[in-house]
Amino acid sequence: MIDATLYYNPRKLLLVADLAGTLLFGIEGATAAVNGNLDFLGLMVLAFATALAGGIFRDLLIGAVPPASLRDWRYPATAFVGGALVFFLDHFLRKIPVPVMIDLDAMALALFAVAGTEKALDYKLNPFIAALLGTVTAVGGGTVRDIFLAQVPRVLNVDIYATAALAGAAVVVACRKLKFPPVWSAVLGGSVCFLLRVVAVWQHWSLPKVGSP
Amino acid sequence: MIDATLYYNPRKLLLVADLAGTLLFGIEGATAAVNGNLDFLGLMVLAFATALAGGIFRDLLIGAVPPASLRDWRYPATAFVGGALVFFLDHFLRKIPVPVMIDLDAMALALFAVAGTEKALDYKLNPFIAALLGTVTAVGGGTVRDIFLAQVPRVLNVDIYATAALAGAAVVVACRKLKFPPVWSAVLGGSVCFLLRVVAVWQHWSLPKVGSP
Amino acid sequence: MIDATLYYNPRKLLLVADLAGTLLFGIEGATAAVNGNLDFLGLMVLAFATALAGGIFRDLLIGAVPPASLRDWRYPATAFVGGALVFFLDHFLRKIPVPVMIDLDAMALALFAVAGTEKALDYKLNPFIAALLGTVTAVGGGTVRDIFLAQVPRVLNVDIYATAALAGAAVVVACRKLKFPPVWSAVLGGSVCFLLRVVAVWQHWSLPKVGSP
Numbered sequence: 026m027i028d029a030t031l032y033y034n035p036r037k038l039l040l041v042a043d044l045a046g047t048l049l050f051g052i053e054g055a056t057a058a059v060n061g062n063l064d065f066l067g068l069m070v071l072a073f074a075t076a077l078a079g080g081i082f083r084d085l086l087i088g089a090v091p092p093a094s095l096r097d098w099r100y101p102a103t104a105f106v107g108g109a110l111v112f113f114l115d116h117f118l119r120k121i122p123v124p125v126m127i128d129l130d131a132m133a134l135a136l137f138a139v140a141g142t143e144k145a146l147d148y149k150l151n152p153f154i155a156a157l158l159g160t161v162t163a164v165g166g167g168t169v170r171d172i173f174l175a176q177v178p179r180v181l182n183v184d185i186y187a188t189a190a191l192a193g194a195a196v197v198v199a200c201r202k203l204k205f206p207p208v209w210s211a212v213l214g215g216s217v218c219f220l221l222r223v224v225a226v227w228q229h230w231s232l233p234k235v236g237s238p
Numbered sequence: 026m027i028d029a030t031l032y033y034n035p036r037k038l039l040l041v042a043d044l045a046g047t048l049l050f051g052i053e054g055a056t057a058a059v060n061g062n063l064d065f066l067g068l069m070v071l072a073f074a075t076a077l078a079g080g081i082f083r084d085l086l087i088g089a090v091p092p093a094s095l096r097d098w099r100y101p102a103t104a105f106v107g108g109a110l111v112f113f114l115d116h117f118l119r120k121i122p123v124p125v126m127i128d129l130d131a132m133a134l135a136l137f138a139v140a141g142t143e144k145a146l147d148y149k150l151n152p153f154i155a156a157l158l159g160t161v162t163a164v165g166g167g168t169v170r171d172i173f174l175a176q177v178p179r180v181l182n183v184d185i186y187a188t189a190a191l192a193g194a195a196v197v198v199a200c201r202k203l204k205f206p207p208v209w210s211a212v213l214g215g216s217v218c219f220l221l222r223v224v225a226v227w228q229h230w231s232l233p234k235v236g237s238p
Numbered sequence: 026m027i028d029a030t031l032y033y034n035p036r037k038l039l040l041v042a043d044l045a046g047t048l049l050f051g052i053e054g055a056t057a058a059v060n061g062n063l064d065f066l067g068l069m070v071l072a073f074a075t076a077l078a079g080g081i082f083r084d085l086l087i088g089a090v091p092p093a094s095l096r097d098w099r100y101p102a103t104a105f106v107g108g109a110l111v112f113f114l115d116h117f118l119r120k121i122p123v124p125v126m127i128d129l130d131a132m133a134l135a136l137f138a139v140a141g142t143e144k145a146l147d148y149k150l151n152p153f154i155a156a157l158l159g160t161v162t163a164v165g166g167g168t169v170r171d172i173f174l175a176q177v178p179r180v181l182n183v184d185i186y187a188t189a190a191l192a193g194a195a196v197v198v199a200c201r202k203l204k205f206p207p208v209w210s211a212v213l214g215g216s217v218c219f220l221l222r223v224v225a226v227w228q229h230w231s232l233p234k235v236g237s238p
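Chains as they are written, first to last, in this note's numbering: chain D, 26 to 238; chain Y, 26 to 238; chain X, 26 to 238.
Just so you know, the hints here were simulated from the structure itself, not pulled from any lab data.
Take these hints with a grain of salt, some might be off.
The list treats identical chains as one, so a pair stands whether inside a single copy or across any two.
Unchecked claim - Straight-line Cα separation of at most 20 Å, EDC-like style, residue types lysine to aspartate or glutamate; simulated pairs: (1) K202 <-> D97; (2) K234 <-> D184; (3) K234 <-> D128; (4) K149 <-> D97; (5) K202 <-> D147; (6) K204 <-> D97; (7) K204 <-> D147.
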């Protein structure tokens with residue numbers, strides 16, 4: 026009975042979600058660094074930034090300083106493990122089929138969007154703002170990664186990506202308003218984000234542009 | 026009598042100035058996104074960032090967290106209204122003559138420089154630093170917008186722009202030192218910034234560069 | 026006897042180290058602005074950002090707001106002095122031999138890495154995190170400078186640079202753990218950073234990349 030309560034504890038949920046997403050985003054950041062011809066340190070910086078910049082930015086904005094990922098050494102350590110995996114196993118990781126990588130990325134996106142929204146709500150932010158901060162948590166790392174690589178952040182013009190994070194965050198906020206248990210909110214919000222992202226890639230959905238037919 | 030005091034209330038001034046400037050800068054950010062071929066979400070992100078990043082950065086630096094624009098949903102909502110205007114009325118907005126856009130932009134610049142300086146002074150920062158923070162408030166959004174578009178921020182090498190903001194901010198600081206009423210400080214500082222910017226564009230003034238004759 | 030204690034006062038050490046490094050990094054930032062064809066204001070912004078962004082970022086992350094460099098006008102003033110030196114004496118400064126500039130830069134890097142690590146430790150951060158923050162203090166300014174210039178930050182793929190800062194920061198952390206007096210920690214950590222950087226340039230050391238032979 027005592028253990029069961031842990032599953033319903035939002036803080037515990039946050040930690041597990043954050044660490045899993047951190048490893049995945051760390052791997053993606055390091056892979057981008059390899060593609061950008063950066064050295065070992067650049068690879069580690071991009072693993073760190075891609076994995077943690079979104080959450081750090083969220084924590085700075087809600088006033089949770091030092092940010093969770095700097096108070097708890099497991100976050101940077103997990104990101105660096107992701108970087109090391111890429112450094113030593115890059116050839117192996119590149120054999121992972123693209124659809125699998127897209128699924129994993131969509132999963133990390135969903136985890137970060139949910140965790141970020143939950144934390145902003147815990148800090149009593151307005152639900153509208155909390156959904157925005159959940160989205161920032163999810164896409165902030167990739168944005169910083171692309172800025173470091175001197176590129177327009179892919180999140181600004183690629184398919185349904187931040188949009189999926191925003192949709193998932195909005196579902197979490199709505200479920201909380203309706204007094205759903207935290208686990209339900211998280212699972213529902215995460216599923217919406219994940220499915221929207223994966224279906225959008227599969228169906229080649231994209232958002233309209235001004236001037237497009 | 027009671028209502029009249031509102032006009033002299035610096036907080037009230039800050040709110041009105043911030044919201045007006047937020048709409049204008051949101052429109053400009055969204056227009057830049059259209060020019061950069063971004064999709065609907067990229068457009069909204071650039072509207073948000075251009076309108077609010079300067080103030081968010083100022084608030085992070087003075088320790089006012091969560092930043093005003095995340096505590097009050099009217100700020101992001103106003104920025105998104107600016108983005109939506111561009112999305113649905115881009116053809117119409119492009120018919121606005123360039124001189125009018127320059128005047129509107131100079132007005133938003135002046136509003137943000139004044140509001141940013143006032144807030145930094147309210148937080149008891151050193152007058153020299155307060156003027157710098159007023160300038161950051163005014164030009165921070167445009168800087169983030171240009172970084173997102175992978176360009177050198179225009180504020181760093183275009184005409185008299187940040188310089189006008191700095192001049193306006195310095196006037197606000199000086200007026201406060203001389204115990205002028207807040208409204209006077211704001212009007213004087215804003216006018217200096219606005220006029221300096223508009224005259225600089227009209228007269229093709231620019232700052233010297235090293236090595237230029 | 027009373028004065029002697031000042032030499033062992035970590036806060037005093039921090040101030041002197043920070044101001045010396047601020048001037049040096051301000052000069053480097055302004056020089057990069059001249060090379061990027063920016064005007065006088067862009068030059069001053071890059072002097073400011075290169076000199077102070079690392080420390081500002083560290084202070085935001087550890088919750089020391091307003092950041093030291095905005096609470097004390099001597100920091101921005103020193104950075105602006107560096108910018109003015111470049112503006113008025115650029116031709117003279119360019120006659121400084123490259124090896125001298127590399128030594129000066131390595132010195133500023135070492136000063137910032139040590140000062141940043143000391144401050145993070147003073148704020149009771151985990152030693153692992155404190156070493157990361159010392160590195161951020163040392164290389165953050167140059168990173169922001171390069172982002173402003175729309176370039177991939179040189180720190181991500183140039184020789185042994187952030188690596189030297191990290192090594193120096195790690196030595197400071199280790200010395201503190203071993204209860205060395207603060208001056209010893211600072212001198213040892215700074216020397217390791219400085220020597221590693223200078224020897225790396227001299228010997229053309231670089232970090233491995235994925236796929237390099």
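Okay, the hints, checked on the actual structure:
When the C-alpha separation of K202 and D97 is checked against a cutoff of 20 Å, the pair qualifies only between copies, where the shortest distance is 19 Å, while the shortest distance within a copy is 30 Å. Taking the closest pair of Cα atoms, K234 and D184 come within 20 Å of each other only inside a single copy of the chain (11 Å); across copies the shortest separation is 31 Å, beyond that limit. Taking the shortest Cα distances, K234 and D128 never come within 20 Å of each other, neither inside one copy (26 Å) nor across copies (28 Å). Within a single copy, K149 and D97 get their C-alpha atoms only as close as 23 Å, which misses the 20 Å cut-off; across copies the closest is 13 Å, which meets it.
Taking the shortest alpha-carbon separations for K202 and D147, only the intra-copy value of 13 Å comes in at or below 20 Å, while the best inter-copy value is 36 Å. For the homomeric pair K204 and D97, neither the shortest alpha-carbon distance inside one copy (30 Å) nor that between copies (24 Å) is at most 20 Å. In this homomeric assembly, K204 and D147 come within 20 Å of each other (Cα to Cα) only inside a single copy, at 14 Å, whereas the closest approach across copies is 40 Å.
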